[in-house]
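Participant: Spelled out from the first residue to the last, the chains are:
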Amino acid sequence: MAFAETVVDREVLSGTCPVRVKLAERVYAGACLAASSPNWILSAHASGETPLLVAGTAGEVNDYIKAYPLAAIKVTTTLANVATLGELVSLDDDGTFVADTANYPDVGFVTEVGSDSLSAELVVCPMIQQLDTART
Amino acid sequence: MAFAETRTAGGREILETSEPVLILLAELVFSGDCLGYSSGWIRSAAATGEHPLLVALDDGAIGDYIKASQMAVVKVTTTATNVAGVGDIVALSDTGDYQVASAGLPDVGFVASIGDDDLSATMVICPQVQQLTSVRA
Numbered sequence: 199m200a201f202a203e204t205v206v207d208r209e210v211l212s213g214t215c216p217v218r219v220k221l222a223e224r225v226y227a228g229a230c231l232a233a234s235s236p237n238w239i240l241s242a243h244a245s246g247e248t249p250l251l252v253a254g255t256a257g258e259v260n261d262y263i264k265a266y267p268l269a270a271i272k273v274t275t276t277l278a279n280v281a282t283l284g285e286l287v288s289l290d291d292d293g294t295f296v297a298d299t300a301n302y303p304d305v306g307f308v309t310e311v312g313s314d315s316l317s318a319e320l321v322v323c324p325m326i327q328q329l330d331t332a333r334t
Numbered sequence: 020m021a022f023a024e025t026r027t028a029g030g031r032e033i034l035e036t037s038e039p040v041l042i043l044l045a046e047l048v049f050s051g052d053c054l055g056y057s058s059g060w061i062r063s064a065a066a067t068g069e070h071p072l073l074v075a076l077d078d079g080a081i082g083d084y085i086k087a088s089q090m091a092v093v094k095v096t097t098t099a100t101n102v103a104g105v106g107d108i109v110a111l112s113d114t115g116d117y118q119v120a121s122a123g124l125p126d127v128g129f130v131a132s133i134g135d136d137d138l139s140a141t142m143v144i145c146p147q148v149q150q151l152t153s154v155r156a
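Sequences listed follow chains A and B, in order.
Just so we're aligned, residue 199 is where the first sequence starts under our numbering, counting upward by one.
Just so we're aligned, residue 20 is where the second sequence starts under our numbering, counting upward by one.
With the rest of the complex left out, here is chain A (with noise of 0.2 Å):
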């Protein structure tokens, strides 16, 4: 099977850039976020929900964190869901990380893979395919 996180259990190993933010709900450390200004929240399938940062800490709604453009995440697998080397990531309807997918948010790709096949490593910077208007 593709890759796909099993369980959100995510650990930011560094990140760009940081920013502070305020969160208008609860995140998980490494979520995707999206604006809902003048706040942050999880970034999800409303199509409102861009994502642009991930999400430094865990944090609660109207808590400040530290969130990064771009950012290095372990996320969790299975063997059925092992990820791949270079293989790039899509933000999935639930804001867990899944293989590239059709009408899915590309935000980032596989740098590494758990000796075990239990865990990978992704960079992550999903404002990249936001921004894409040139100047004419």
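Think of the hints as simulated: they come from the structure by calculation, not from any bench.
Idealized CB from N, CA, C, for every residue including glycine.
Among the hints, erroneous ones may be present.
Unchecked claim - Each computed BS3-like pair below joins lysine-lysine, with the alpha-carbon atoms no more than 25 Å apart:
| id | chain 1 | residue 1 | chain 2 | residue 2 |
| --- | --- | --- | --- | --- |
| 1 | A | 264 | B | 94 |
| 2 | A | 220 | B | 94 |
| 3 | A | 272 | A | 220 |
| 4 | A | 264 | A | 220 |
What the hints assert, rightly or not - Some but not every residue of chain A turned toward chain B, in silico, with C-beta under 8 Å:
| id | residue |
| --- | --- |
| 5 | 215 |
| 6 | 216 |
| 7 | 217 |
| 8 | 232 |
| 9 | 328 |
| 10 | 334 |
Said to hold, decoys possible - So these bits of chain A aren't anywhere near chain B, every CB distance computed over 10 Å:
| id | residue |
| --- | --- |
| 11 | 204 |
| 12 | 240 |
| 13 | 255 |
| 14 | 332 |
| 15 | 333 |
Add chain B to chain A, keeping to what the hints say.
Facilitator: This is chain B only, laid out in the frame that chain A set:
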């Protein structure tokens, strides 16, 4: 009105950056400017040859070496009538100012937060993103 930066020379603040590179300037630039290359590094503005690729981390004049980065967190000044919205996609105007995304202007980042007084915006800027578009065929 939509988000637009109230530009003042030296009025931007660089809060975070990715690893910097050292570049040689071909014209006057200010910290926080998006830079393009056209016979040297210049402030990216209207000309098609001035595609934004880097963010200036220092002020500098022609002939100066300054630090620049691929990604930066930049704080800019707005007015109450041009306040940013969190999550707004940010484009670069033909004068090199930051504004809300608009047809024909390059997307360079997004708004991460706005000041409590609605007079500032903190943006993640990564101008190279929309320039790197070709895939292996």
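Participant: Now tell me, hint by hint, if it's right for this structure.
Facilitator: Outcome of the hint check:
{"no.": "1", "hint": "A:264 - B:94", "verdict": "holds, 16 Å"}
{"no.": "2", "hint": "A:220 - B:94", "verdict": "holds, 17 Å"}
{"no.": "3", "hint": "A:272 - A:220", "verdict": "holds, 24 Å"}
{"no.": "4", "hint": "A:264 - A:220", "verdict": "holds, 9 Å"}
{"no.": "5", "hint": "215", "verdict": "holds, 4 Å"}
{"no.": "6", "hint": "216", "verdict": "holds, 6 Å"}
{"no.": "7", "hint": "217", "verdict": "holds, 4 Å"}
{"no.": "8", "hint": "232", "verdict": "holds, 7 Å"}
{"no.": "9", "hint": "328", "verdict": "holds, 6 Å"}
{"no.": "10", "hint": "334", "verdict": "holds, 5 Å"}
{"no.": "11", "hint": "204", "verdict": "holds, 30 Å"}
{"no.": "12", "hint": "240", "verdict": "holds, 13 Å"}
{"no.": "13", "hint": "255", "verdict": "holds, 16 Å"}
{"no.": "14", "hint": "332", "verdict": "violated, 6 Å"}
{"no.": "15", "hint": "333", "verdict": "violated, 4 Å"}
Violated hints for the displayed structure, listed by number in ascending order: 14 and 15.
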